[in-house]
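Chemist: These protein sequence lines map, in sequence, to chains A and B.
Residues 1 to 444 (the UniProt record's numbering) make up the first sequence, in order.
Residues 1 to 444 (the UniProt record's numbering) make up the second sequence, in order.
Hints in this document: simulated from the structure, not taken from any laboratory.
Just so you know, not all the hints are guaranteed correct.
Copies of the same chain look alike in the list, so a pair counts if it fits in one copy or across any two.
Claimed, not checked - Straight-line distance between alpha carbons at most 25 Å, and here's what the computed SDA-like set of lysine to any residue pairs gives:
#, residue 1, residue 2
1, Lys11, His340
2, Lys11, Ala351
3, Lys11, Glu347
4, Lys14, Ala35
5, Lys11, Ala349
6, Lys14, Ala351
7, Lys247, Ala297
There are 2 protein chains.
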Amino acid sequence: MRKVSSHAHRKPIKVALLGCGTVGTEVVRLLTDQAPDLTARIGAPVELAGIAVRRPNKHREVPAELLTTDAEALVASDDVDVVVEVIGGIEPARSLLLTALRSGKSVVTANKALLAEHSADLFEASDASGADLYFEAAVAGAIPLLRPLRESLAGDRITRVMGIVNGTTNFILSGMDSTGASYAETLEEATRLGYAEADPTADVDGFDAASKAAILASLAFHSRVTAADVHREGIAAVSAADIAAAKGLGRIVKLLAICERVSVDAGDGSGASEGISVRVHPAMIPRSHPLASVHGAFNAVFVEADAAGEMMFYGQGAGGAPTASAVLGDLVAVARNRVHSGRGPRESAYAGLPVRPMGQTPTRYHISLDVADRAGVLSQVAAVFAEHDVSIAAVRQEGRVDDASLVIVTHAATDAALRSTVDKIGGLPVVREVVSVMRVEGEE
Amino acid sequence: MRKVSSHAHRKPIKVALLGCGTVGTEVVRLLTDQAPDLTARIGAPVELAGIAVRRPNKHREVPAELLTTDAEALVASDDVDVVVEVIGGIEPARSLLLTALRSGKSVVTANKALLAEHSADLFEASDASGADLYFEAAVAGAIPLLRPLRESLAGDRITRVMGIVNGTTNFILSGMDSTGASYAETLEEATRLGYAEADPTADVDGFDAASKAAILASLAFHSRVTAADVHREGIAAVSAADIAAAKGLGRIVKLLAICERVSVDAGDGSGASEGISVRVHPAMIPRSHPLASVHGAFNAVFVEADAAGEMMFYGQGAGGAPTASAVLGDLVAVARNRVHSGRGPRESAYAGLPVRPMGQTPTRYHISLDVADRAGVLSQVAAVFAEHDVSIAAVRQEGRVDDASLVIVTHAATDAALRSTVDKIGGLPVVREVVSVMRVEGEE
Chain A
1 MRKVSSHAHR KPIKVALLGC GTVGTEVVRL LTDQAPDLTA RIGAPVELAG IAVRRPNKHR
61 EVPAELLTTD AEALVASDDV DVVVEVIGGI EPARSLLLTA LRSGKSVVTA NKALLAEHSA
121 DLFEASDASG ADLYFEAAVA GAIPLLRPLR ESLAGDRITR VMGIVNGTTN FILSGMDSTG
181 ASYAETLEEA TRLGYAEADP TADVDGFDAA SKAAILASLA FHSRVTAADV HREGIAAVSA
241 ADIAAAKGLG RIVKLLAICE RVSVDAGDGS GASEGISVRV HPAMIPRSHP LASVHGAFNA
301 VFVEADAAGE MMFYGQGAGG APTASAVLGD LVAVARNRVH SGRGPRESAY AGLPVRPMGQ
361 TPTRYHISLD VADRAGVLSQ VAAVFAEHDV SIAAVRQEGR VDDASLVIVT HAATDAALRS
421 TVDKIGGLPV VREVVSVMRV EGEE
Chain B
1 MRKVSSHAHR KPIKVALLGC GTVGTEVVRL LTDQAPDLTA RIGAPVELAG IAVRRPNKHR
61 EVPAELLTTD AEALVASDDV DVVVEVIGGI EPARSLLLTA LRSGKSVVTA NKALLAEHSA
121 DLFEASDASG ADLYFEAAVA GAIPLLRPLR ESLAGDRITR VMGIVNGTTN FILSGMDSTG
181 ASYAETLEEA TRLGYAEADP TADVDGFDAA SKAAILASLA FHSRVTAADV HREGIAAVSA
241 ADIAAAKGLG RIVKLLAICE RVSVDAGDGS GASEGISVRV HPAMIPRSHP LASVHGAFNA
301 VFVEADAAGE MMFYGQGAGG APTASAVLGD LVAVARNRVH SGRGPRESAY AGLPVRPMGQ
361 TPTRYHISLD VADRAGVLSQ VAAVFAEHDV SIAAVRQEGR VDDASLVIVT HAATDAALRS
421 TVDKIGGLPV VREVVSVMRV EGEE
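Make the full structure from the sequences, and use the hints.
Modeler: As structure tokens, this is what we get:
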């Protein structure tokens, strides 16, 4: 058995921490509490060289002598081997990490927005100097997900990644499902309980999930995908009627980040070509689907690969300690690479698959209509579907003269064809109101 | 974007495949089908140098010119960089892999029995030569699990790993739960459907799960644990009465592999000391627990860590293609390490935590008794619990004169105290029969 102390004489790995909020504070705590274990696992001790913050007097929980307001000087210091970034946002994080990578310093970051927008620059700098760039904490917090996608499944062909990657919206949708309350009421409750920020835009409009989807799609399909490539719809338009309609069909509404291989025939005679669909939108999934029972602030990601089949990864997607756990895992990896002169996996965007526009993406719709209940309604509605080449999977007609409803679930068709169908149906005189339109996922 | 072809000039990584059964055949297929992708991901092409089998004429699905019966010569060949072992069993696998590692060849193996018994020799040989030793496929098939434990959670403190890691026993217990049939009937059905082998001993007696538990405990707790250290109970003694008792309490019986940190006070005045419990036995878990809904031949592993909190990994635990996916993931990693002169993580047994005997392990029991229904039974039974310092969490008494039952769920106590309690209760004149005794897990 090796002893912890046998590594004490090795040159320590010096770490610069950028940012010291909820996650940063936990990183400092874990570095201190687990020091002997980290030393044994890495083969050398890890030491904090400095912590860059904006207002040093606000951080009484970390050693004062480590605090600095000069992040540039800290990152440029010869005394630093690894830069850990938990500031978030694009600048100054981007410039600081480029400086670090260019000078050969390893980088660990939890910054999803930065990775989703500027991964090309960062990977280029990492490739040029040979410095490691790790970012497990950027997606799904503590859940080991990027390492499995990048490494464990590197010998397989991933066909789909579908997940609940935003805790705030999952908390709100879970709440709407269990209480039947409106979106506005449930958001208010989530804000009061601290599950939603005062300005919830990044979460409820799907920006946060879209950044994560871009990162997941890049890794899963070995292609370069940025946040701007992601079709994005938030949950603000999800109504109590949508939630009730899903319940009536044994389904539940979730905000999903979906990355999948799609084969598209542009119809120009060139045949079908392979591409990827990357999107974030609310969708109904069967209550028996493994993702359906992921409630509250938890995250879960469902992965399908040709040989491995279906897999699911589940855990805490946010929070100081869980995110810090993922950061520390990466820190051990890059520090070990420095001790053993190794290198982590590089960016692999060799496949260069094109991202298909949402209109070309095959999907399925659930449509609930308030209709005039008289003979011929169904035939008029069905004619519109046929006209758009959309095939109907199931129909349910209910009610009497003044309160009739028609619920339709389609087979897969392109999103564009489905949208045109819904638009035209909404204009039929026999249709009083389009009550709910929602995509359907998680079933074939 | 890098092109696949740009790597074609790199020196190929030569692979020797040992064994060509269900998994080996899939490995050959994936190596062929995914060749361009593997080349791009590794940075060099992968080529099969040879396939060692016992009866070459039985393998028409792989190229005949690659087949050989001389595994020793294949492993010793200068033309081989990586040895992939899917023979299973201890010998000749052990000798072949030691030869490979000692000569600096990287090893990928799916051999759980070998890892669980001889990991010390293998890791020593790997350390001495600097050759990689990867074995993701040895536990839970396609589910990325060992890499997350070894790497993603390397900065955290894992406190428990609890999982369903044997598909055959899970299929049988799922069947007993849904039909109410006996163990013998359900095993017969599983054998007929091909879910159980003709000789099911390795599965139903828990040997397979125990090997996996030893591997998981070693990685999670940075300690050396072998199959012989694992307390093992199979499912042959699980009765229809046990299954029914669990159902009546909102629980379900699963065969669990459990690895957890335990703090034990030996009672000699030296205070509590840290150790680990590693065990495989049937247990009742609440139907609301994430592991409860893992049915049929699927595997799932629940992990708890101090900072990361609760996580679950779910997927296919066996089968040719899923296992081959895990083997290929490791093959990409070791091949990439050869191209980039890197090295995978070493064995880390620095913590050297002792494995506690089952008797010292804190656990909880469910006990169902057939009793004489008269005043004083409960007080006599309760007195035996008190005498052994076992605290009762819940009691349910049912029935009339001739058919009375008493169901007791305990608080945590050592397994030894619980066993003594049950033995003594079984001897009380007022107790007609001990109907069911089952450990309770997954709740605090």
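Chemist: Determine for every hint whether it applies to the structure shown.
Modeler: Cross-check of the supplied hints:
1. Lys11 x His340: Classified as both: same-chain Cα gap 12 Å, cross-chain 24 Å, threshold 25 Å.
2. Lys11 x Ala351: Answer is between: at 21 Å across copies they meet the 25 Å cutoff, but 40 Å inside does not.
3. Lys11 x Glu347: between (29 Å within a copy, 21 Å between copies)
4. Lys14 x Ala35: within (13 Å within a copy, 40 Å between copies)
5. Lys11 x Ala349: Cα proximity of Lys11 and Ala349: across copies only (22 Å, versus 35 Å in one copy).
6. Lys14 x Ala351: Cα proximity of Lys14 and Ala351: across copies only (24 Å, versus 36 Å in one copy).
7. Lys247 x Ala297: Close inside one copy (21 Å), not across copies (29 Å); limit 25 Å.
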